[in-house]
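S.K.: The primary structure of each chain is shown beneath.
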Amino acid sequence: MTFELDPERRCPVVHTDYRQDRPAFTTIPQLGVERELAPAVWNDSTEYGFLMVQRYDDVMELLKQTDVLVSDNVNAFDPHMQIPLIPNSLNPPEHTKVRRVLNPFFSPAAVKRLEPLAKERAESLIGALAEKKSVDLVSEFAILYPTELFLALLGLPTEDGTMVLPWVEAIFGGFFASTPEELQAAGDAVASFNEYFGRLVDERSADPGDPETDLVSRLLVSEIDGVPMSREDILVTCMTLMTAGLDTTRSALGYIFHQLATEPDVRHRMVNEPESWSRFIEEAIRVNSLIIQDGRQVKEDMEVLGCPMKAGEMVWLGLAAANRDPRKFEDPDTFDMDRENLNHHLGFGAGVHRCIGMHLARAELVIALETWHKMIPDYRLRPGAELTERGGQLRLQTLPLEWD
Amino acid sequence: MGAQLVVDFGKCTGHGRCYSTAPDLLTYDEEGFVSVRHAPMDLDESQLPAAKTAMDACPEQAMRITYGTE
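Heads up: the sequence lines are chains A and B, in that order. Per the numbering used here, the first sequence starts with residue 1, numbered consecutively. Per the numbering used here, the second sequence starts with residue 405, numbered consecutively.
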């Protein structure tokens, strides 16, 4: 394979702008091409550029080096991003302390408590769609369902979904912004979130809920090194959890339903074998990893896989490409839910920052898929549908489905 | 000494794949970590296959089975 070499960086250089929307299912193959160029590749498509590391073992190893590759900024596209995230932007040991406060809310036991509601919401939403026989899965189901559940998990009214969704969209616009307008909209959305969660914090301060089951009440009474969390940090935490929980589940559902609509053999197997949904989703998350990268910031001048990096520069840890690394996964581009190392994918990241919502996400996906296929076992992609995927953090922008 | 399941406390980050793939052998604590991550777990012969499944499922390779007096 031929490529340009950057003599100062001592590695190949590529120009692919991963912030851009692309035809569906073209981003990950492009990442795979760049993964195979070299262990590390410089990408100069953004103002500051970033170093892409995308082979499985390297990604795993660098995710663990939290002392030199820090999370002060986790957006490889922009080392100066002004949207703070808690706990994402924290490093150990502070990160560990905050995770300890939050983990119980997302533990398997907590998720189990939410399962009856998840089933009820899935049945209600899917039941309303069944008669339509033609839907955009993304906007009519995939986003409504996780939004309602996430609000419920936070002890918020599910009806607020329609209000908060545009804010989530605007914040994501800011993460992958290429225009000042997008950055401005993201800033406005953060302000709206702060006002919304600020009211909630005031309510819970005056009339606390059960800190075992009510997140904001727990944040209000929790202490880190003997000091209560500040109001500002509580607001940032709420906003972070909200943005993390909604977009991802929607995206996963989009890719999963595309596969099931276009591969009837797999769908028939799953309809007959609903106990296998939990295996199915692991492989689906490996093959179409919507979080294509986890960004890390270089703390001090250092070499990363032989490439000189300066303090403050960004490293792109390529989760999606690592999940298709032939060094780790046999026949990596093939969906095989019976593969032996099914659980080793990095779709939820790894190391101390691994996705806090992974148990919630898995339960939400399994319940949605089980319920849907009991009610609507057969469906197809609307003929002629042109599908695009968002850059930055993948998602199918629409997914028109129909059935008889 | 028989077999033991040992969790490397420093490596375990709570993916939970071990207790998900071997639910009859392992459970989790209130934070979502495998409950035996602080102390080795004695295994009898019949538990070995489930322990092996759990060990192989760990993305961080934080789990191992020791035999004898290691």
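These are computed hints drawn from the structure, not numbers from a lab. Positions of the beta carbon are idealized from the N, C-alpha and C atoms, including for glycine. Don't take every hint at face value.
Label pairs and their in silico Cβ distance ranges [claimed, not checked]:
#1 A:Leu5 to B:Asp446: 54 to 62 Å
#2 B:Thr431 to A:Glu120: 44 to 52 Å
#3 A:Ile376 to B:Thr431: 34 to 42 Å
#4 A:Asp21 to B:Ser450: 48 to 56 Å
#5 B:Asp412 to A:Ala109: 54 to 62 Å
#6 B:Thr431 to A:Pro92: 23 to 31 Å
S.K.: What hint numbers does the structure not satisfy?
M.R.: 2 and 5
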